[in-house]
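Peer 1: Chain residues, written in single-letter form:
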Amino acid sequence: MVLSTLTALVATDNTYGEEPIQIESQSSQLNKANFTQWRDLIRTTDSELAWQQLAWTPSFHDGLAQAAKLNKPLLLWVMNGHPMGCT
Amino acid sequence: MGRQSVWTDDNIRALTENFVLAADEVWRLQGGYDFRKYQAAGGADPECVCFQEMASQGHYGPGGGTKQGIYVCTPAGKFLGSINSLSAEAVQQMLKRSLQAWQELPLADRQAKPPTSKPKHRWEWSAPEKGLILKETIRYLKNGSPAEQTPDTRFNHDFAWFSAEEAKRLIPASPVVGETHEVPAEIYRRLARCHLLNTAHGEGGTYHADQVRGDLSVTILEVDPRQVRIKLSGKGVSTGSREKAFGLAPAAKIRTELLGFARFDRKTGQFSQFELVALGKLYNSTEAAAKAPADRNIGWFFTLADQDRPFDRLAPTHLHAYDAKWVAQPSLRLHDYQANPPAQK
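Those sequence lines, one after another, are chains P and X.
What the first sequence shows, in the working numbering, is residues 17 to 103, in sequence order.
What the second sequence shows, in the working numbering, is residues 3 to 347, in sequence order.
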């Protein structure tokens, strides 16, 4: 049952496209019983994120400022997408 | 991937004690495809220009194009060395050469003050106050049940942001246990366009609003004066087009199913728990039928970011493509991207 109080907040077109959604025949693999198993399979472990244990600063500017403060050279790692995020 | 092959190497980890370490996103720093065009168009963010001048002396030379890699420079931005390699040995040799160059510099050069590199715009600055800040993990999956699988080594991280107002719209004003409602369209659309992507092993392109279809609903599980517990569930399909893609093309087709559980604190007006799993079937063809075997399986997991961790405060990779007025855009946009087609209802 759709709550009437919320209806006004919801966009009028909730199919998110001009054509009807045709995904009903898609078989479901995900349910309450196996939810935590899928979650634990996908999420990362600390050992997989060992590179994050190094003391990275999160930007070039912050790194330069920290290097000046400590009188050390700056090691900068740059990628398409932040190396600590999606790259 | 470099973050596993290079930065877990014991010799390199020991060498890094001699440096201040920084990591950053290069597309913005390098000014898009070509820093010369960026500067000619008036691009002048001090942090970006400082990087462009330094990196022009590096492994990719003074021309345009990508400047990805590992650089060493002085606090004043003077170039000392660089490389782009997945080889721990090659990176180790570059770091040693750069460290020697640093030690041979006159004291005045080592103590030179940093250049003006204070940025004028960073995407992190748009983080929504008291909003829903989610950390996303993306990982390829194999066929079969989760119990039959071991984790694939190809995974990635990203972040998904919703403003406080957007997040509150997941919870009705007067929640009743057992009732179900569909979530506002823009919430599903943002997830599908910018987050349910083929990015487990590298960046991927986003979908346009008219390329994603799906439904996502909220069921009220528990209500008391302090909190509301909900279930999220839904399905969707996204169909990409190489012709319509800006930059990287998204997967030709992804079919997804979603299930999650969350707890909303009525006093703070924020979620205190949030876990959402999505499973996806990736297809190389836009014509793949619903029952066709997937060319690859993928999974996404969203949970609350830990705001005490500096790298949980990074911006979503595709924040530039969010359909959200609260996202502050830079004065010179590097992504000429239209989030919604003009005819969108």
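Hints should not be assumed to be uniformly reliable.
[As the list claims (entries may be wrong)] The calculated label-pair distances, taken between Cβ atoms and stated as ranges, are:
no., chain 1, residue 1, chain 2, residue 2, range
1, X, Ala166, P, Ser44, 29 to 35 Å
2, P, Ser44, X, Ala46, 22 to 28 Å
3, X, Asp12, P, Ser44, 41 to 47 Å
4, P, Leu86, X, Glu126, 30 to 36 Å
5, X, Ser176, P, Gln53, 21 to 27 Å
6, X, Glu91, P, Ala66, 27 to 33 Å
[What the hints assert, rightly or not] Which residues of chain X face chain P? A partial, calculated answer using Cβ under 8 Å:
no., residue
7, Phe53
8, Gln54
9, Asn145
10, Arg268
[Said to hold, decoys possible] List of simulated lysine-lysine pairs, DSBU-like, C-alpha gap at most 35 Å:
no., chain 1, residue 1, chain 2, residue 2
11, P, Lys85, X, Lys293
12, P, Lys88, X, Lys293
13, X, Lys120, P, Lys88
14, X, Lys170, P, Lys48
Everything labelled a hint here was simulated from the structure, so no lab data went into it.
Built from N, CA and C at the ideal position, the CB exists for glycine as well.
Peer 1: A separate judgement is required for each hint: does it hold in the structure or not?
Peer 2: Against the structure, the hints come out as follows:
| no. | hint | in the structure |
| --- | --- | --- |
| 1 | X/Ala166 to P/Ser44: 29 to 35 Å | 32 Å, holds |
| 2 | P/Ser44 to X/Ala46: 22 to 28 Å | 52 Å, violated |
| 3 | X/Asp12 to P/Ser44: 41 to 47 Å | 45 Å, holds |
| 4 | P/Leu86 to X/Glu126: 30 to 36 Å | 23 Å, violated |
| 5 | X/Ser176 to P/Gln53: 21 to 27 Å | 35 Å, violated |
| 6 | X/Glu91 to P/Ala66: 27 to 33 Å | 18 Å, violated |
| 7 | Phe53 | 6 Å, holds |
| 8 | Gln54 | 11 Å, violated |
| 9 | Asn145 | 10 Å, violated |
| 10 | Arg268 | 16 Å, violated |
| 11 | P/Lys85 to X/Lys293 | 60 Å, violated |
| 12 | P/Lys88 to X/Lys293 | 58 Å, violated |
| 13 | X/Lys120 to P/Lys88 | 19 Å, holds |
| 14 | X/Lys170 to P/Lys48 | 24 Å, holds |
Consistency note: the structure conflicts with the earlier hints numbered 2, 4, 5, 6, 8, 9, 10, 11, 12.
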